[in-house]
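Q: Work the whole structure out from these sequences, hints included.
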Amino acid sequence: MTLAEQILAAHAGRATVAPGELINVRVDVVLANDITAPIAIKEFERIGVKKVFDPQRVVMVPDHFTPNKDIASAEQAKLMREFALEQGLVYFEIGQMGIEHVLLPEQGLVLPGDVVIGADSHTCTYGALGAFATGMGSTDIASAMACGEIWMKVPATLKFVYHGRLSRWVNGKDLILHTIGDIGVDGALYSAMEFTGEAIDALTVDSRLSLANMAIEAGAKAGLFEVDAKILDYIRPRARRPFKVYSNDGLSGCAGIKEYDASKIEPQVAFPHLPSNTRGISQVGDIPIDQVIIGSCTNGRMEDLRIAAAILRGRKINPRIRCIVIPGSQEVYLESLKEGLMEIFVGAGAAVSTPTCGPCLGGHMGILAAGERCVATTNRNFVGRMGSSKSEVYLSGPAVAAASAVLGRIAGPDEIS
Amino acid sequence: MKFIGRVHKFGVNVDTDVIIPARYLNTSDPGELAKHCMEDIDKDFAGRVEKGDIIVAGTNFGCGSSREHAPLAIKAAGVSCVVAATFARIFFRNAINIGLPILECPEAVAEIEAGDELEIDLASGSVRNMTTRKDFHAKPYPEFMMELVSVGGLIEHTKRKIEKGACE
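If you read the protein sequences in the order shown, they are chains A and B. Residue numbering for the first sequence follows the numbering used here, beginning at 569 and increasing consecutively. Residue numbering for the second sequence follows the numbering used here, beginning at 14 and increasing consecutively.
Don't take each hint at face value.
[Said to hold, decoys possible] Computed footprint of chain A on chain B; a stretch qualifies when at least three of its residues, placed anywhere within it, have a C-beta under 8 angstroms from a C-beta of chain A: (1) 28-41; (2) 64-78; (3) 97-108; (4) 159-170.
[To be verified] Subject to a maximum C-alpha distance of 25 angstroms in a straight line, what follows is the list of computed PhoX-like cross-link-like pairs (lysine-lysine): (5) K610(A) with K172(B); (6) K618(A) with K174(B); (7) K177(B) with K610(A); (8) K48(B) with K637(A); (9) K177(B) with K618(A); (10) K721(A) with K177(B).
[Claimed, not checked] Between beta-carbon pairs, the in silico distance windows are: (11) I984(A) with G112(B): 50 to 58 angstroms; (12) M14(B) with V813(A): 43 to 51 angstroms; (13) I639(A) with G24(B): 31 to 39 angstroms; (14) G915(A) with E63(B): 55 to 63 angstroms.
Calculated from the structure, these hints are not laboratory results. Source: prediction; values computed, not measured. Backbone N, C-alpha and C define an ideal beta-carbon position, used for all residues, glycine too.
A: If you want it as structure tokens, here you go:
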């Protein structure tokens, strides 16, 4: 069985499962945020049970429209807060919270071998830690909050192998953008993607989280990595409950395989209005921009901020550009302060925000006007995603984003260093 | 369940950000969401759509975010059914869970135009284009999903499971 099948079988109390089977799966962690929790809570109350199945396994994070952007958002955050406190859930208030998919791994709440479901499509991020993690809607979350289990169709596994060594400035974000560019936004529809190969082994934990984060942009149900020493070093000091590490059986049970020469992949940019509309940075041309966002559940971790700071150190952001840096969590914020990264960002002329999903989904903290263009280290560039339906979002990793902020047009890091 | 309605046709990869832009997600009131349904790709949709109308679209309908507000907005706008070549998986679950009928039928999508009148029988999966007199057959739901739909969605299903003591 593949990694996904082994984890699902174990959580369904079965010896084996096969792709296409409908099974009932025990869940280790259930997640919701300030946008999806209000519906989940209303639906949970309709079920008629008084308590969630296990308050220590239900996590709620106010991260999308927070700190509250308007009265209606404040009402949604309040509804979630009151439910979370009353039920004794795992809850992070403003000042302790982070962007959910940065925060949960950091807090040791999601572990290898887990089944995690979240009312947020980027829940697939935790596949980097060897968990089967997938996004669902609020009603699914309500049902799982009541029962601690959920129905699933076992996905077929598609394997993605990255050979060779990565070039400088290329990391997990570029690999996944390149892959989505190759297979399309439904290239892995209903599937579990499994990422492997020499170039994957070389990726840091942060970079693997960035990569797994965007499996959903290829239509995948989950995106998994095998657990290695780097992951165990990351997990061990954080974990407060036992976990199980699954190994893949090579190619057995795999429905398809894609191979890439990672050494040939350059920093990537996804043009509007699909994450699959990718080009290598050398093929971008001269595209002036108005805004740069560095952050999000895709690229708001220490590695991302370090890369951005390495490029911005001793340089100034183009005076026509609004560059907004959003650390993914309070831990990332604090560590960035200690390392002097914040001084670099502010010194270069960037605005620094408290953790929030904010502009990524067009919520607040950097909305675009008609005709404006933004380079963002976020995960979606659909029509109207960051504001006006006549604005444009170009997706990239932090190196391209920082270089673009300096030059005022989409640019690769080699153009300024 | 049978539906008769006029077609609104959309292309491939209709994402949840255009079905209901995030700027309106500070509420989960279906009526409020319906006012902005499809706004960013079809500005007049909410004003034009009539009760019972049917959305027909290409592959990967509902891709992107997990927001259940997307099928809620479509349902509250009065749409009786969505026929697409394929659906993104989270949207598929959400639609079934909240009771928005959906059918996968690539053959029908290729042959149906905006403004055509369709007659759909959910149980048999039959899609009849009354304008062109052509018949199509959608993939039937798996048994478990038909059960979910017939009891009225996931919440009802969960209630029954709890009553039976099938969940701790």
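Q: Which of the numbered hints above does this structure break?
A: none
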